[in-house]
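Following the hints, position chain U against chain A.
Protein sequences, first through last, are from chains A and U. Here the first sequence is numbered in my numbering, starting from 175 and rising by one per residue. Here the second sequence is numbered in my numbering, starting from 24 and rising by one per residue.
Think about it this way: if two alpha-carbon atoms lie no more than 30 Å apart in a straight line, the pair counts; the simulated BS3-like pairs of lysine-lysine are:
(1) K264(A) - K306(A)
(2) K99(U) - K325(A)
(3) K68(U) - K430(A)
(4) K99(U) - K297(A)
(5) K91(U) - K293(A)
(6) K297(A) - K91(U)
(7) K91(U) - K264(A)
(8) K428(A) - K68(U)
(9) K91(U) - K306(A)
(10) K293(A) - K98(U)
(11) K264(A) - K98(U)
(12) K409(A) - K325(A)
(13) K297(A) - K98(U)
(14) K293(A) - K99(U)
(15) K98(U) - K306(A)
(16) K293(A) - K306(A)
(17) K68(U) - K371(A)
Below, a sample of chain A positions facing chain U; criterion: calculated Cβ distance under 10 Å:
(18) H275
(19) M287
(20) A350
(21) D351
(22) P356
(23) S424
Calculated from the model, a selection of chain A residues having no Cβ within reach of chain U, i.e. all distances over 12 Å:
(24) V244
(25) R324
(26) G402
Quick caveat, the hints were computed from the structure, so don't treat them as lab data. Each residue gets a CB set at the ideal place from its N, CA and C atoms; glycine is no exception.
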Amino acid sequence: MKQTRTTPVTCRRISRSFLFGGNPHFPGWLQSFTLRRDGISLRPDVEFRDQSPMATIQPIANENEQHPDVALVERVRGGDISAYDELVRKYDRQVFRIAQHITQNREDAEDVMQDAFLKAYEKLDQFQGNSKFYTWLVRIAVNESLMRLRKRRTGKMVSIDEDIDTEEGSVPRDLADWAPDPEQNYSQSELAEILRKTIQGLPPGFRVVFALRDVEGLSTEETAETLGLSVPAVKSRLLRARLQLRERLSRYFKRKKGPKGRGVKSDVH
Amino acid sequence: MTCTEFLAMLDDLIDDSVSREMRADLQEHLQGCEHCEVTLNTTRKTIQIYRSHEIYEMPAGLRDRLHKAIMERCKKGC
Chain A
175 MKQTRTTPVT CRRISRSFLF GGNPHFPGWL QSFTLRRDGI SLRPDVEFRD QSPMATIQPI
235 ANENEQHPDV ALVERVRGGD ISAYDELVRK YDRQVFRIAQ HITQNREDAE DVMQDAFLKA
295 YEKLDQFQGN SKFYTWLVRI AVNESLMRLR KRRTGKMVSI DEDIDTEEGS VPRDLADWAP
355 DPEQNYSQSE LAEILRKTIQ GLPPGFRVVF ALRDVEGLST EETAETLGLS VPAVKSRLLR
415 ARLQLRERLS RYFKRKKGPK GRGVKSDVH
Chain U
24 MTCTEFLAML DDLIDDSVSR EMRADLQEHL QGCEHCEVTL NTTRKTIQIY RSHEIYEMPA
84 GLRDRLHKAI MERCKKGC
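Chain U extracted, bound-state conformation:
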């Protein structure tokens, strides 16, 4: 397996949607290729960081204000 072929399967590997045979091939490539190992690990980390950190958090005041506005308008008939 080449690095290009590995890269084409990177998302499927990360999303755990590869067959057992394909997984074995990918693992075999990883054992001999530090470059792909780094790419895999840091891509996984990228996703994990974005999932675990709230970068666009709504202030509680804004949430309440918007809720009120939405409910008021809906009560009048949207």
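Okay, chain A solo, but in the shape it has when bound:
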């Protein structure tokens, strides 16, 4: 029987994904806190908002508290396939998006999504619970994506180290300020096309770091673990990815020159 999201559950800990819809984008300082309301029955998304004035923010008292996914994984291991369906529905959009970011090919992304979830199911016994199920799943999806990319580029090795010897964007050149709310100047479809085209131009090694860290909300440490990179390497790539994207988007978003245009001094120290 399928469990609905509105079934009351007793929560000791309210997870980040619970509060932020599974795609946590919030200041770093909030990551060191968790919301706790012992012993109160909650309905996800509904009761929490209704009773939010009662909620208090406290530092995490016990780092070993179980992530909600661990219980789902245990149910799958016990033969409850509907629990795996829950995991799939929870993370399929993210896995698809990551696969698209890496492969830049829709068919490949569809295949990666399916293969990644099947592989995760097959290897579930190997999941130790030391990392979050999501980051473990993302690692599988990244590997599957890179394999697809290699197949597309037959005979050519593809890795996340590829094409990183570029200085582009390391030093900002376009110093023009952007228009206020520049995305308002484009329709949704035009904007999506601009964003796709822009990120497509990044080397895969930068693209994947930006996608995991900034789009999917993984921490720097999780991104490093997922990609098998050092934390300094992730930081270096993230900075360059952000600056390259900024530089490229400036072509579309910069403030039009005019009498009210804002000139920017170019006295870089």
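Frame of chain A; chain U shown alone:
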């Protein structure tokens, strides 16, 4: 602080992982450097735009089809 030094700390500033002292130094540089102010603001905006717009959305039909395929295969034993 030079622009190069500011740029080296840009990500930490955006990710809110700088010490109070470092933040004060960065703010002081920003007050006198429009170039770095623009770089900071537009980089923040870049991240925000990518976070808030779904550029690779899955059609609902595809999602259902893939779910079905995955569940069928798993029921047979993956």
